[in-house]
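Visitor: Please build the complete structure, drawing on both the sequences and the hints.
Numbering (my numbering), first residue to last: 9 to 330.
Bear in mind the hints are in silico, worked out from the structure with no lab data behind them. Keep in mind that the hints are not guaranteed to be accurate.
To be verified - Derived CB-CB ranges, DEER-like:
no.: 1; residue 1: G269; residue 2: Y99; range: 49 to 57 Å
no.: 2; residue 1: Y99; residue 2: N185; range: 36 to 44 Å
no.: 3; residue 1: G68; residue 2: G269; range: 21 to 29 Å
no.: 4; residue 1: E107; residue 2: A146; range: 36 to 44 Å
no.: 5; residue 1: D39; residue 2: N185; range: 18 to 26 Å
no.: 6; residue 1: G204; residue 2: G147; range: 17 to 25 Å
no.: 7; residue 1: E222; residue 2: N185; range: 15 to 23 Å
no.: 8; residue 1: N295; residue 2: A24; range: 20 to 28 Å
no.: 9; residue 1: G269; residue 2: G41; range: 15 to 23 Å
no.: 10; residue 1: D29; residue 2: E296; range: 14 to 22 Å
no.: 11; residue 1: G269; residue 2: D120; range: 47 to 55 Å
no.: 12; residue 1: K164; residue 2: Y99; range: 31 to 39 Å
To be verified - With a cut-off of at most 30 Å between alpha-carbon atoms, the simulated DSBU-like pairs for lysine-lysine come out as follows:
no.: 13; residue 1: K145; residue 2: K184
no.: 14; residue 1: K184; residue 2: K43
no.: 15; residue 1: K43; residue 2: K69
no.: 16; residue 1: K212; residue 2: K145
Every residue, glycine too, gets a C-beta built ideally from N, C-alpha and C.
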Amino acid sequence: MRIREFCRTHFKHFNAAALVDASEGYLRHLDGGGKMLVTLAGAMSTAELGISLAEMIRQGKVHALCCTGANLEEDLFNLVAHEFYERVPNYRDLTPQDEQALLERHMNRVTDTCIPEMEAMRRLETAVLEEWVAADKAGERYFPHEFFYRVLRSGKLRERYQIDPRNSWLLAACEKNLPLWVPGWEDSTLGNMYAGHCISGDVKNVHTVRTGIEYMTTLAQWYTETAPRTSVGFFQIGGGIAGDFPICVVPMLHQDLQRTGVPLWGYFCQISDSTTSYGSYSGAVPNEKITWGKLGIDTPKYIVESDASIVAPLMFAYVLDT
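Guide: What follows is the structure, encoded as structure tokens:
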């Protein structure tokens, strides 16, 4: 039984039904000629979402992305160091002493998965630093994801791939040259490394890596050019800055630039296990976004309150009908 048929047969109620409804809405949006922006919060790259997301990108089901700096780099960490990762299924039982032992082995834990510092983080740092320094000396400036694209296109990491490269969503995005925004990139391992190289003087101009405000201006340009021609949907995995940054481009264009006729987002879905609570962006129901000028009364809106590492691959398989 294919995934779509399985879901339609068994997922009849509650969050299971919401998953089917949201997936059908995704299909209707694409069938109507719409484009889809996908946002990645949390640790979705370390959860190996690339296995399903990369195929969505290759098949033209995703047209733009916004992610945290962690998700940007962790997809490549996994690409070049997967064999050195360690899984800790009993992570809930770890003592502070157990955690200290992982630190001393340079194994950085993300829930049940440990990322190896030397094989993943430092290996990628070496490759990206070459690009930072070269751009700095040439007086050139690029966005964080553009530096990563340059590393991938250079082939300098190819011999170190430890997974099927078809399972890297960033490599798939690079091959399609998809627009990508990484707000708050400074809050990432490579962002910390970049700050260190600016302090040490390896990089002379701190603005060699372009800024978040510049990211917003390019997002505004992309949305202004795209949305009037084809409706743009918003598929949000998790919450936080990866979701709030890009969705705000619409009220910014309306309210701050006083532009008229800017289309609202044409579809909205959020996968989140953050329940509605006081002041929580991640737990805000979609209707709250109407009051901020992000969604309209008639915008198809869905929320699946569940673990994104379970729901997102199912929804992508549903859309792909695998």
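Visitor: Tell me if the beta carbons of G204 and G147 are separated by a distance inside 17 to 25 Å.
Guide: 22 Å, holds
Visitor: Between G68 and G269, does the C-beta distance stay in 21 to 29 Å?
Guide: 27 Å, holds
Visitor: Tell me if the beta carbons of N295 and A24 are separated by a distance inside 20 to 28 Å.
Guide: Taking Cβ atoms as reference, N295 and A24 lie about 22 Å apart, which means the hint holds.
Visitor: Could you check the hint for me, namely that G269 and G41 are 15 to 23 Å apart, CB to CB?
Guide: 19 Å, holds
Visitor: Take a quick look at whether K212 and K145 sit within 30 Å of each other, Cα to Cα.
Guide: 8 Å, holds
Visitor: Within 49 to 57 Å: is that where the Cβ-Cβ distance between G269 and Y99 falls?
Guide: 51 Å, holds
Visitor: Note whether the CB distance of Y99 and N185 lies within 36 to 44 Å or breaks it.
Guide: Since Y99 and N185 have Cβ atoms about 38 Å apart, the given range 36 to 44 Å holds.
Visitor: A range of 15 to 23 Å was offered for this pair. Does it hold for the Cβ distance of E222 and N185?
Guide: For N185 against E222, whose Cβ atoms are near 18 Å apart, the range 15 to 23 Å holds.
Visitor: State, for the Cβ atoms of G269 and D120, whether the hinted interval 47 to 55 Å holds or is violated.
Guide: 48 Å, holds
Visitor: For the pair supplied as a hint, K184 and K43, is the alpha-carbon distance within the 30 Å limit?
Guide: Cα-Cα ~14 Å, so holds.
Visitor: In this structure, is the beta-carbon distance linking D39 and N185 contained in 18 to 26 Å?
Guide: 24 Å, holds
Visitor: Given the hinted pair K145 and K184, is their alpha-carbon gap at most 30 Å?
Guide: 28 Å, holds
Checked against the numbered hints given earlier, this structure breaks none of them.
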